[in-house]
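Chain residues, written in single-letter form:
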Amino acid sequence: MTTLRAGRLELEVLRRGKGAPILVIHGVNPISSHAPFVDRLAEYGEVIAPSHPGFGASERPYDFDTMYDLVNLYLDVLDAIPAERVTVIGLSFGGWIAAELAVTGARKIDRLILADPVGIKIGGREERDIVHFFNTSPDELIRRSWADPSLRPDGVYALGWQATITDAMTDAEMVALARNWDSLCLYAWKPHMYNPQLAYWLRRIVVPTLVLWGDHDRIVTPSYGRAYADLIPGARFELIPNAGHHPDLEQPEAFVEQVVRFMGKDASR
Amino acid sequence: MTDMELWNHCENPYPFVPAEVLDAAEAARASLPNKYCEPEIAARLYDEVFEEYRLCDDIGLHIVTNEHHSGINNLWAASPVITGIVAQMTSKVRILSLGTLITVRPDPVRVATEYATIDVISRGRLDIGFVKSGATEMVSGDANPMRIREREWEAIDLIEKSLTSHDGPFSWEGKFFSHPHVNIWPRPYQSPRPDFWAATSDLPTCAELGRRGIVNTLLFGGYTRTKLAFDTYKQARAAIGLPKPKEDRFSYLAFCYVGDTDEEAFRIGQKIPWFLTVSIKSAPQMSKFQPGQLPPEMVPGAWRGGASKRPNNLNVENLVSQGLMFAGNPDTVVKQIKEFRRRVGGVGRIIMMTRQGLVTHAEAMKSFNLAAKEVLPRLQGLEPIDDEAVQRAAAE
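Protein sequence lines correspond, in order, to chains D and W.
Per this note's numbering, the very first residue in the first sequence carries number -11; after that it's consecutive.
Per this note's numbering, the very first residue in the second sequence carries number 10; after that it's consecutive.
Just so you know, the hints here were simulated from the structure itself, not pulled from any lab data.
No experiment lies behind these values; they were computed from the predicted model shown.
Ideal Cβ positions, reconstructed from N, Cα and C, are used throughout, including at glycine.
Careful: at least some of the hints might be erroneous.
Quick partial rundown of chain D residues pointing at chain W, CB under 8 Å, derived from the structure [stated by the list, open to error]: (1) ASP64; (2) THR124; (3) PRO126.
Could you build the full structure based on these sequences and the hints that come with them?
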């Protein structure tokens, strides 16, 4: 296992490619080495994708259980990356972490890309902005989080992963999924997947920001995404066609093309 | 010598939702619309069960209340409310709240206040029980299902300190609860506090109950799991030099029906397992896939094919043979309870789940009368269990 020392913690980390660092902050499960977007993105820089404490093989200290802990941990992660500038990509729950991280004014962040992030409250008190991750049937989560569930890459687990469990899986894979799910719940059960204060403070984000959204995302809809982008000064909002809540997994080429273009690189290579 | 006690545990189920509605629903708890709960029928059910409690008070069966939410299995949605009513309408028997869901309730101090009030109203007949809560309750109560064991213990500690502090406000700043000014009124009637019970078969929790002398209740543990839990309790006490616990520290909850004949008891008793066959139906996200339900290393067994199917072959004979039910004429039930007590190494308090499922009010009243008059007297003055003989029998 490759690890990354961040402050007091030793995190499991997926590293791929060389060059300017691209920090990927994962969502419901750590970034899989089978995810096709990883190799494509690694052509444009070094992909660095740690597993949050309590996910994958990363340890979680007993009292480490809030978004506050995760944000400060990712400040440690930024410190641990030697480069002066880091592109930060946050996916789903990891998009929430990335947005909080950028609100702190971390100077190392070069550009911020949020893909279908959760983390803020937009609608009225009787409107649910974010489908409940833990209290929705796995089948329904899959229906809502993919434009076409058959496009799910083998060996990759996203929202609704429970419905894709087979007896062919190893015990170790099941244990890892359970551990990830427990940890996510610890961090985000209540308020479910958002910080009531964050929408107000998104105005503090000063780095160039791209908000990407799967046009078929029915976990958090594109209209929520537009509102999210509107709260970040100067942010661009782009839809990714034929993708749900995980455009990185469902449309990896389009996802990487958008990211790379935003990074100011030639995406045609 | 052990004088055993019999307790009546009724969850006041609501078995009147049409089968086609339940078959189509993802769960019989938590998400079933309350349009299927007819208030007039619920009012009649409350009346009937309260009448059963009055009978229990007259004939010497102690009373257990509990709470579950948003489902057909239980109309006791707030145990302290119901327990307060029972405290006022009874005068002799003990009352156990098993319990309000302290892992769901935000303020243990409020819980302590409610229980102290009930203890005073009942003039010291209250026992306080703690349960960790099931997965559907985390949804109904919007409580984080992670770390409920730690949260439960901190709540118990804060409730205990609230009940036993009498010299003005104290402050509490814990991991899960903070309350800078705790000073409950009234203080409890019993001193130093009402007895505590907890329902669990989780072995580390059983050990902690042992160290604290809290009554350990097993729900449908059967012979093996119950014995393991009670042994763990005893060993934890022995390990730190505490005296051997009396049998009143051990309690067992099982289905129970006492009839005039075995045939009658088995026939009526067959209505009780509705609790397991119908009322427990629960969506996967509210059961095996809810975070925190099992330690991660144990999930493969629960997640693989064939696991956690709803039981449907629970006939009375099977349940009796597994020690999950006591049923028969009074002679038969006395024998079953004595045999259970022997095989688990001693248990002083049997909690009978009788008014359950489709059992009627009249049928419940009949069983309670027989239990109090024909069974209970024969469970008095029992010889101590020879622990070593039980161990030898188990080894053989």
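Next on the checklist: Under 8 Å is the threshold here; is the Cβ of PRO126/D close enough to any Cβ of chain W for the hint to stand?
Outcome noted: holds, 6 Å
Checklist entry - Once the shortest beta carbon distance from ASP64/D to chain W is found, is it less than 8 Å? => result Where the cut-off is 8 Å and the nearest Cβ of chain W is about 23 Å from ASP64/D, the hint is violated.
Item to check | Agreement of hint THR124/D with chain W interface, Cβ distance less than 8 Å | outcome: Where the cut-off is 8 Å and the nearest Cβ of chain W is about 6 Å from THR124/D, the hint holds.
The structure is inconsistent with hint 1 alone, although it conforms to all the rest.
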